[in-house]
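**Q** Sequence:
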Amino acid sequence: MSTLTRFYEHVGPLWITLAILRVSLVFYGQTGYIHPDEFFQSTEVVAGDLFELKAHRTWEFTSPYPIRSIAIIWLTTLAPLSILKWIWPYVAVAGTLPSPFLFLIVPRIFACAASFACDYAIYHLSAPPAKRNRRIKAIGLFASSYVAMVFYTRTFSNSVESWLLALLLLSVKDIMHNDELKLKDARVKVSRRYYLIAFLLCIGTFNRPTFICFALPAVVFWLCSGVNRNCQNQEVSHACRNSAAIRKTCG
1 MSTLTRFYEH
11 VGPLWITLAI
21 LRVSLVFYGQ
31 TGYIHPDEFF
41 QSTEVVAGDL
51 FELKAHRTWE
61 FTSPYPIRSI
71 AIIWLTTLAP
81 LSILKWIWPY
91 VAVAGTLPSP
101 FLFLIVPRIF
111 ACAASFACDY
121 AIYHLSAPPA
131 KRNRRIKAIG
141 LFASSYVAMV
151 FYTRTFSNSV
161 ESWLLALLLL
171 SVKDIMHNDE
181 LKLKDARVKV
191 SRRYYLIAFL
201 LCIGTFNRPT
211 FICFALPAVV
221 FWLCSGVNRN
231 CQNQEVSHAC
241 RNSAAIRKTC
251 G
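Numbering (UniProt numbering), first residue to last: 1 to 251.
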């Protein structure tokens, strides 16, 4: 069975169709206006610095009121625009600038690609591997939503928050699963990527302070489950010691 066939069976035709539609809408342009933050808090800031353009820098990024970090914006928007700047001299007349349409869709291409992190997380979080049909339905519902089609293909800080939260939830699930395997058999080698959770929490909080509010329930649940497992281990160890003491006394 080929890789494409296995992929088709895992995600289903509906999700594939909706994924193609999501990508197509990016290249169509989606000129509908949602909120100025899509430009003032991402594309315009980076394009102004990278292409030395006269851009409007909102008060959040000025020296008197530096309340937003530009680092996250550079991580999400700098990469696609840097590729555009590198390619442009080879495909256009020297000294010219890319069109406004390219400044619009190139960052959205990256946003669209990153949005599939949500699909991946929902697929693995919605149901166990044996319930493949439930997974297919879950990602189909998500991919057909207005949020996935429109908001997650634009460079909003809220969209970045959703991508990071999806990865965080998936990381917490994987770590909890590995902890359970280690509890059953101490000889099992598992990967405990605690640093990944710390990294996502740090990046997500710098992107939007509200990220910690969404991440807190998952992190607290994970930490509490670890405490419960430790308590169970202590109770089992205590019971074993008592049993051994009773056997010695009776013997």
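Think of the hints as simulated: they come from the structure by calculation, not from any bench.
Check the hints yourself; a few may be wrong.
Unchecked claim - In silico DSBU-like links for lysine-lysine, alpha-carbon gap of 30 angstroms or less:
(1) 131 x 173
(2) 131 x 85
(3) 137 x 85
As the list claims (entries may be wrong) - Label pairs and their in silico Cβ distance ranges:
(4) 83 x 176: 24 to 30 angstroms
(5) 50 x 219: 25 to 31 angstroms
(6) 92 x 57: 44 to 50 angstroms
(7) 63 x 21: 26 to 32 angstroms
(8) 176 x 209: 24 to 30 angstroms
(9) 63 x 179: 42 to 48 angstroms
(10) 100 x 141: 32 to 38 angstroms
(11) 20 x 134: 35 to 41 angstroms
(12) 86 x 209: 43 to 49 angstroms
(13) 179 x 21: 45 to 51 angstroms
(14) 141 x 179: 27 to 33 angstroms
(15) 132 x 66: 29 to 35 angstroms
(16) 21 x 102: 20 to 26 angstroms
Keep in mind the model is a prediction, meaning the values are calculated, not measured.
In this text, a Cβ means the ideal position worked out from N, Cα and C, and glycines have one as well.
**Q** Are the hints correct? Go through all of them and say.
**A** Against the structure, the hints come out as follows:
Under the criterion of a C-alpha separation no larger than 30 angstroms, the hint pairing residue 131 with residue 173 is consistent with the structure, at around 17 angstroms. Taking the CA atoms of residue 131 and residue 85, the gap is about 46 angstroms. The hint is violated against a cut of 30 angstroms. Pair hint residue 137 plus residue 85 does not hold up; C-alpha atoms about 40 angstroms apart against a cutoff of 30 angstroms. Between residue 83 and residue 176 the Cβ separation comes to about 37 angstroms, which falls outside the hinted range of 24 to 30 angstroms.
For the pair residue 50 and residue 219, the supplied restraint of 25 to 31 angstroms is violated, since their beta-carbon distance comes to about 35 angstroms. A hinted range of 44 to 50 angstroms is violated for the C-beta pair residue 92 and residue 57, which are about 27 angstroms apart. Between residue 63 and residue 21 the C-beta distance comes to about 43 angstroms, which lies outside the given range of 26 to 32 angstroms. Under the hint 24 to 30 angstroms, the C-beta atoms of residue 176 and residue 209, about 26 angstroms apart, fit the expected range.
A hinted range of 42 to 48 angstroms for the beta carbons of residue 63 and residue 179 is consistent with their spacing of about 46 angstroms. In this structure the hint that residue 100 and residue 141 lie 32 to 38 angstroms apart at CB holds, the actual value being about 35 angstroms. Distance hint for residue 20 and residue 134: a CB-CB separation of about 23 angstroms, inconsistent with the stated range 35 to 41 angstroms. Separated by about 34 angstroms at the C-beta atoms, residue 86 and residue 209 break the suggested range of 43 to 49 angstroms.
Under the hint 45 to 51 angstroms, the C-beta atoms of residue 179 and residue 21, about 39 angstroms apart, miss the expected range. Checked against the hint of 27 to 33 angstroms, the C-beta distance between residue 141 and residue 179 comes to roughly 30 angstroms, which is consistent with it. In this structure, residue 132 and residue 66 break the distance hint of 29 to 35 angstroms, their C-beta atoms being roughly 49 angstroms apart. Here the CB-CB span from residue 21 to residue 102 is close to 22 angstroms, well matched to the stated 20 to 26 angstroms.
Going down the numbered hints, you'll see the structure goes against 2, 3, 4, 5, 6, 7, 11, 12, 13, 15, while the others check out.
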